[in-house]
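At the far end of the sequence shown sits residue 200, using this note's numbering, and the numbering has no gaps.
Honestly, I wouldn't trust all of these hints.
Claimed, not checked - Below are the BS3-like pairs computed for lysine-lysine, each with C-alpha atoms no more than 27 Å apart in a straight line:
| id | residue 1 | residue 2 |
| --- | --- | --- |
| 1 | Lys-87 | Lys-150 |
| 2 | Lys-85 | Lys-32 |
| 3 | Lys-179 | Lys-63 |
| 4 | Lys-150 | Lys-73 |
| 5 | Lys-63 | Lys-12 |
To be verified - Derived Cβ-Cβ restraints for the label pairs, each shown as a range:
| id | residue 1 | residue 2 | range |
| --- | --- | --- | --- |
| 6 | Met-186 | Pro-93 | 35 to 45 Å |
| 7 | Leu-65 | Asp-174 | 38 to 48 Å |
| 8 | Ala-28 | Thr-143 | 13 to 23 Å |
| 9 | Lys-29 | Ile-8 | 36 to 46 Å |
Since the hints were derived computationally from the structure, they do not count as laboratory data.
Small disclaimer: the values here were computed from a predicted structure and weren't measured.
Glycine included, every Cβ here is placed at the ideal spot set by N, Cα and C.
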Amino acid sequence: MAARKLIARIKPSNSALFVCDIQEKFAKNIKYFPEIVTTTRRLIDAARILNIPTVVTEQYPKGLGPTVSELKEGLAENTPIFDKMKFSMCIPPAESHLKNVENVILTGIEAHVCVLQTTYDLLERGHNVHIVVDAVSSRSATDRHFAFKQLEQAGAILTTSEATILGLVGGSDHPKFKDIQKLIMTSAPDTGLVPQSKL
């Protein structure tokens, strides 16, 4: 397995956004599903503005439905959406979009299944994986919590949507900064990661 670099700085030229299985049938069962969708949409919008390649997968869409419309509406016209049965997003058609990609920004569900298995596969292939914790969830809060522990121990970088979006532009001197700034003028919604009593 390739060792992760000490610093894995994301930038549009070396990154891709992977959106894992945020489908209609999960809406009633996933913790903080509407908030996960809202936060993922911000990342999709940022990727479109910055011309970052995006890959979307759907787990057994015949039974679980398509990607939610709020996300599909934000995708660039040429964004691929791949059906899968394997838990990992690393299926051959998706892997073809990983050429020259050092960093994969990963969002979706479920944290302890498809996101975890995707991360293992990406790390084994030598990519840095940035898990956007406020855009990743599971049906169970326990599964979500311990998935993040496993992901970090495996070598993934746990980050937030705002840290990711601002990290991609690198500063207010970026030519697309004003467009990006509009995405984060309002803070990302709470997704239950930090108890209010600890703030």
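Q) Can you list which hints this structure breaks, lowest number first? A) 3, 4, 5
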